[in-house]
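A.B. asks: Just so we're aligned, residue 171 is where the sequence shown starts under the working numbering, counting upward by one.
Please note: incorrect hints may appear among the correct ones.
[To be verified] Capping the alpha-carbon separation at 16 Å, the derived lysine to aspartate or glutamate pairs in EDC-like fashion look like this:
| id | residue 1 | residue 2 |
| --- | --- | --- |
| 1 | Lys-530 | Asp-364 |
| 2 | Lys-572 | Glu-428 |
| 3 | Lys-241 | Asp-407 |
| 4 | Lys-346 | Glu-324 |
| 5 | Lys-385 | Glu-267 |
| 6 | Lys-305 | Glu-232 |
| 7 | Lys-385 | Glu-552 |
| 8 | Lys-185 | Glu-460 |
| 9 | Lys-551 | Glu-524 |
| 10 | Lys-229 | Asp-266 |
| 11 | Lys-197 | Glu-232 |
| 12 | Lys-530 | Glu-460 |
| 13 | Lys-300 | Asp-353 |
| 14 | Lys-385 | Glu-511 |
| 15 | Lys-274 | Glu-232 |
Simulated from the structure, these hints should not be mistaken for lab results.
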Amino acid sequence: MNILIVCNKFPYPLKDGGQIATFSMIKGMSDAGHSVTVAAINTSKHYYDVSALPESIKKIAEFRSIFLDTKLTVKDAFKNLFFSSLPYTATRFIVDEFSLLLKKILLEKDFDVVQLEGLYMCSYIPMIRKVSSAKISYRAHNVEYEIWKRLAGETTFFLKKMYLQNLAKRVESYEKSQLNTYDFLVPITKRDGDTYNAIGNKKLQCVAPTGISSKSIKDSFANKEEKLSLFHLGALDWAPNQQGIIWFLDNCWKQLREIYPDLELYVAGRNAPSWFVNAIAVDGVLYLGEVADAYEFMSQHTIMIVPLLAGGGMRIKILEGLANGNVVVSTSIGAEGIPAENGKNIFIANTSQEYISAIKSLMSGEIDVHSIGENAKSFIKENFDNTSIVSGLLDFYQNQIKKI
Numbered sequence: 171m172n173i174l175i176v177c178n179k180f181p182y183p184l185k186d187g188g189q190i191a192t193f194s195m196i197k198g199m200s201d202a203g204h205s206v207t208v209a210a211i212n213t214s215k216h217y218y219d220v221s222a223l224p225e226s227i228k229k230i231a232e233f234r235s236i237f238l239d240t241k242l243t244v245k246d247a248f249k250n251l252f253f254s255s256l257p258y259t260a261t262r263f264i265v266d267e268f269s270l271l272l273k274k275i276l277l278e279k280d281f282d283v284v285q286l287e288g289l290y291m292c293s294y295i296p297m298i299r300k301v302s303s304a305k306i307s308y309r310a311h312n313v314e315y316e317i318w319k320r321l322a323g324e325t326t327f328f329l330k331k332m333y334l335q336n337l338a339k340r341v342e343s344y345e346k347s348q349l350n351t352y353d354f355l356v357p358i359t360k361r362d363g364d365t366y367n368a369i370g371n372k373k374l375q376c377v378a379p380t381g382i383s384s385k386s387i388k389d390s391f392a393n394k395e396e397k398l399s400l401f402h403l404g405a406l407d408w409a410p411n412q413q414g415i416i417w418f419l420d421n422c423w424k425q426l427r428e429i430y431p432d433l434e435l436y437v438a439g440r441n442a443p444s445w446f447v448n449a450i451a452v453d454g455v456l457y458l459g460e461v462a463d464a465y466e467f468m469s470q471h472t473i474m475i476v477p478l479l480a481g482g483g484m485r486i487k488i489l490e491g492l493a494n495g496n497v498v499v500s501t502s503i504g505a506e507g508i509p510a511e512n513g514k515n516i517f518i519a520n521t522s523q524e525y526i527s528a529i530k531s532l533m534s535g536e537i538d539v540h541s542i543g544e545n546a547k548s549f550i551k552e553n554f555d556n557t558s559i560v561s562g563l564l565d566f567y568q569n570q571i572k573k574i
C-alpha cells in the first residue's frame, strides 16, 4: 500500500511520546514493505533540520515538511479567547502553507490510506477529500478534551482554572465536531476507543498502541545501581508532568526523605521553564535537563515515578521504562491504557500514602526490584511488540479496502 502519514510535529528525533508513537508506526509500516510518505508541520518547539536526517532514516520514508512558528503567546491566547470559537491549541496548526503541501503531495501520488496523527490534523480532512480518494484514518493519540478537563480540575488558581475550563469546553466541542469525518478510527488505547464510541463515533476502529521494538528490551540496561534512587523522565514543558512532580514533592518527598535521608530523585526532560526548575529545587532532588540517551539514563536508576493527575492516551515513557526493566510507580491516570498488573509488573499509587508505601516496600527490599523488572520486560514483549501491532493495523486497512 501507499500510505501518507500526516503529523503536527516532525517525527524525528525521538524526544517525546508523540514523536515516538508516530515514528514507531512509520518504521513498522516501512519494515512491512509498504511505501510511506510523511507530511509534517516542522514546529518551532520540535524543529528539526530535515537536511540532517541520517541516511538510515531517509530510507524508511519520504519526509516532507513546512516550518511553522507555534510558540504560545499571551497576546495570541487572549485574541483567540475573544475572537474565535476554536480552541487555541487547534488554531496554531491550521495554516494554508500546510494545506498546500498536503495538496501537492496528494496530487503527486495515489495513496491508499492517509493516516492523521492527532486530533488537530483532522482539520485538513475536507481538503484531502477534494483531491484524493484515499481512505482517511484518524489515529487518536488521546481523548484530547479529557486532558484539559483534568488539568482544570486540579488547578486552584482562579483565573488559570477559568481559562482551562473554557479551553476544555472548546476542545471538547472541536473534538466532537470531528467525529465520523474520517473513515477509520485508530485509538492508541481501547479505553480511548470506548470513550470515542460513547461520545458518538460510528466508524470502524482498530486499536493500535505505541509499539516497542524488541531491540529496545535489553537485559544489560536495567537495575545496575547499588543504591536505589527515584527518577522521572518526560517533557517538562507539559503541564501534567509539571503538576505531577510538584504534587509528589509537596505530598510525598518530605516523608520519604525522613525515612531515607540519602534518597535522591533525578528529574530529567526537555524545555523545563525556570519557574518549574526553581519549584523543584529541594534537598535530594537533582534536575538534569534534557538527557542525550533516555535508555542510558533509565539504566542508571531503578524506580521510575509517574505521578500524573491529568493526561490522556498512553504514557510512552512508562512503556520504555517497563521495557528497560525499571520498576514503575504510577497513578492510575498515568498508567491508563497499559494493562499491567499492580504489584506484579507495575505499582499503582493514587494517594500520597500509597506512593510512600510502594516506595518504602521497594527501598526496604520487602519487594524484589529485580523480579518486578523482569516481569515488566516480559509484559512488554507479550503485549507491545511493534511488529505485531503495526501488522494488525495494516491487515485491518487492507481488509477494509478490499471490501470497497
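A.B. asks: Next step is simple, just say for each hint if it's right about the structure.
C.D. replies: Hints, verified against the model:
Between the alpha carbons of Lys-530 and Asp-364 the distance comes to roughly 36 Å, so the proposed pair goes past 16 Å and is violated. As the CA atoms of Lys-572 and Glu-428 are separated by approximately 64 Å, the hinted pair breaks the 16 Å bound. Between Lys-241 and Asp-407, the direct Cα distance comes to roughly 12 Å. Compliance with the 16 Å bound is thereby established for this hinted pair. Only pairs whose Cα atoms come within 16 Å are accepted, and Lys-346 paired with Glu-324 is rejected, the gap being roughly 24 Å.
Restraint check for Lys-385 and Glu-267: not satisfied, since their Cα atoms lie roughly 38 Å apart, outside the 16 Å limit. The hinted pair formed by Lys-305 and Glu-232 fails the criterion: a straight-line CA distance of about 20 Å is larger than 16 Å. With a C-alpha separation of about 14 Å, the suggested pairing of Lys-385 with Glu-552 holds against the 16 Å cut-off. This hinted pair checks out: Lys-185 and Glu-460 have alpha carbons roughly 9 Å apart, not beyond 16 Å.
For a cut-off of 16 Å, the pair hint linking Lys-551 to Glu-524 is broken: about 28 Å separates their Cα positions. For the proposed pair Lys-229 and Asp-266, the alpha carbon gap of about 29 Å is over 16 Å, so the pair is violated. About 12 Å separates the Cα atoms of Lys-197 and Glu-232, which keeps this hinted pair within 16 Å; it holds. Only pairs whose Cα atoms come within 16 Å are accepted, and Lys-530 paired with Glu-460 is rejected, the gap being roughly 28 Å.
Under the criterion of a C-alpha separation no larger than 16 Å, the hint pairing Lys-300 with Asp-353 is consistent with the structure, at around 15 Å. As the CA atoms of Lys-385 and Glu-511 are separated by approximately 24 Å, the hinted pair breaks the 16 Å bound. For the given pair, Lys-274 sits about 14 Å from Glu-232 by alpha-carbon distance, which is consistent with the 16 Å threshold.
Taken one by one, the earlier hints fail for this structure at numbers 1, 2, 4, 5, 6, 9, 10, 12, 14, listed in ascending order.
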